[in-house]
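S.K.: Chains as they are written, first to last, in our numbering: chain B, 1 to 84; chain L, 1 to 244.
Any given hint might turn out to be false.
[Stated by the list, open to error] Cut-off 20 angstroms, straight-line C-alpha distance, at most; resulting in silico cross-link-like pairs (DMTMM-like, lysine to aspartate or glutamate):
(1) L:234 x B:82
(2) L:89 x L:100
(3) L:234 x L:175
(4) L:139 x L:150
(5) L:89 x L:20
(6) L:234 x B:77
(7) L:234 x L:54
(8) L:234 x B:59
(9) L:234 x L:62
(10) L:89 x L:61
(11) L:234 x B:80
(12) L:234 x L:22
(13) L:89 x L:54
(14) L:234 x B:69
(15) L:234 x L:32
If you're looking for bench data, these hints aren't it; they were derived computationally from the structure.
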Amino acid sequence: MSGMNEGYTESHLQQVLAEDYRTAELGIRAIRLEAGGYALCGEVESHQRRALIEQVVAESFPDLDVRWDIAVTRVHEPDEVEEL
Amino acid sequence: MSGWPDGSVRVAAIGDVHLDRDVLGRYRPALEHLGGKADVLLLAGDLTRHGTADEARCVAEEFGGLAVPVVAVLGNHDYHSDQVDDFVKILEDAGIVVLECTGTVLDCNGVRFGIAGAKGFGGGFAGACGSEFGEPEMKAFIRHTRRIAESFGAALGALDCDIRVALMHYAPIPETLLGEPPEIYPFLGSYLLGEAVDSAPTDLAVHGHAHAGSERGTTPGGVRVRNVAHPVIKQAYNVYQLSR
Chain B
1 MSGMNEGYTE SHLQQVLAED YRTAELGIRA IRLEAGGYAL CGEVESHQRR
51 ALIEQVVAES FPDLDVRWDI AVTRVHEPDE VEEL
Chain L
1 MSGWPDGSVR VAAIGDVHLD RDVLGRYRPA LEHLGGKADV LLLAGDLTRH
51 GTADEARCVA EEFGGLAVPV VAVLGNHDYH SDQVDDFVKI LEDAGIVVLE
101 CTGTVLDCNG VRFGIAGAKG FGGGFAGACG SEFGEPEMKA FIRHTRRIAE
151 SFGAALGALD CDIRVALMHY APIPETLLGE PPEIYPFLGS YLLGEAVDSA
201 PTDLAVHGHA HAGSERGTTP GGVRVRNVAH PVIKQAYNVY QLSR
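Using the sequences provided together with the hints, build the complete structure.
M.R.: In structure tokens form, the structure reads like this:
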């Protein structure tokens, strides 16, 4: 993706994250930072998936400055019941 | 004999678990005591990442053999590999009930608990929704949602039960999408699903799909809606108590 118009970076990021078989992530958002680069935000189901996202983005956007804000969603038991 | 009031049903629900080998076993500790917390577990679609048979086996292993019945709908991710028939059979062989514009009624301590389920689809909401007009692709898009909504509403209305729940993957109202970019609402749900929910005396509507959305909302007809996408509820499942 090097050499592309920077105005399309966010769109290409989302497309790569959704369509690369290794990631298949539609819930990660790219937010443009005033200081330059992007913050990638969202939640995934495992540490392995977070690492794969970092790998896929690094391959497709080697020169992109990225701040990683991706968390792994917790899976603890609930302790509340909502009565409806 | 449950630990909650007679005439009530406790419903556990989770969506968007996106299982694959790397996640296998992660939910099991939290599911171990499910029998003491709920009467049934609902899975609101996007059970896997790519919808492969191997991923379906992960779902069967993770959510099969639990202390309570498990009822699921599929999500868009579960359709990605075009293996839906095999996918559904693997889940059903594990005892998981899979609904698509169909319903089932469970006996929960003498309460007839009805669930109608459908994947649903997009199209948008009041003021920003597509219609069956123009190119064949656009007409097909909205027609797909309309047909699902019509069949889903019929399945919901046909349930002979005391308590009625609507289970979907896509959202029936925009309120539970709050937090998502408004530009993508038409890809996250449709008012047609909301109309289907309101066409029957529904006690609760549950959906997933919108990872950045909000948990709670209400249809124009007054039915409570809960977005149980895993990144929204941030725990293994939520529990809702409904009374006859």
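S.K.: Determine for every hint whether it applies to the structure shown.
M.R.: The hints, checked one at a time:
1. For the proposed pair residue 234 of chain L and residue 82 of chain B, the alpha carbon gap of about 15 angstroms is at most 20 angstroms, so the pair holds.
2. A hinted pair counts as satisfied when its Cα atoms are at most 20 angstroms apart, and residue 89 of chain L with residue 100 of chain L qualifies at roughly 13 angstroms.
3. In summary, the hint linking residue 234 of chain L to residue 175 of chain L is supported, as the alpha carbons are separated by about 19 angstroms, within the 20 angstroms threshold.
4. Between residue 139 of chain L and residue 150 of chain L the CA atoms are separated by roughly 16 angstroms; this keeps the pair inside 20 angstroms, and the hint holds.
5. With a C-alpha separation of about 17 angstroms, the suggested pairing of residue 89 of chain L with residue 20 of chain L holds against the 20 angstroms cut-off.
6. A distance of roughly 10 angstroms separates the Cα atoms of residue 234 of chain L and residue 77 of chain B; the hinted pair therefore holds under the 20 angstroms criterion.
7. Pair hint residue 234 of chain L plus residue 54 of chain L does not hold up; C-alpha atoms about 26 angstroms apart against a cutoff of 20 angstroms.
8. Proposed proximity of residue 234 of chain L and residue 59 of chain B is contradicted: the alpha carbons are some 30 angstroms apart, above 20 angstroms.
9. With a C-alpha separation of about 18 angstroms, the suggested pairing of residue 234 of chain L with residue 62 of chain L holds against the 20 angstroms cut-off.
10. At roughly 14 angstroms between alpha-carbon atoms, residue 89 of chain L and residue 61 of chain L fall within 20 angstroms of each other, so this suggested pair holds.
11. Distance hint between residue 234 of chain L and residue 80 of chain B is fulfilled; the C-alpha atoms sit about 13 angstroms from each other, no more than 20 angstroms.
12. With a C-alpha separation of about 19 angstroms, the suggested pairing of residue 234 of chain L with residue 22 of chain L holds against the 20 angstroms cut-off.
13. For the hint linking residue 89 of chain L to residue 54 of chain L, the alpha-carbon distance of about 12 angstroms falls within 20 angstroms, and the restraint holds.
14. With a C-alpha separation of about 16 angstroms, the suggested pairing of residue 234 of chain L with residue 69 of chain B holds against the 20 angstroms cut-off.
15. Taking the CA atoms of residue 234 of chain L and residue 32 of chain L, the gap is near 18 angstroms; set against the 20 angstroms cutoff, the hint holds.
In summary, the structure is inconsistent with hints 7, 8 from the numbered list given earlier, while agreeing with the others.
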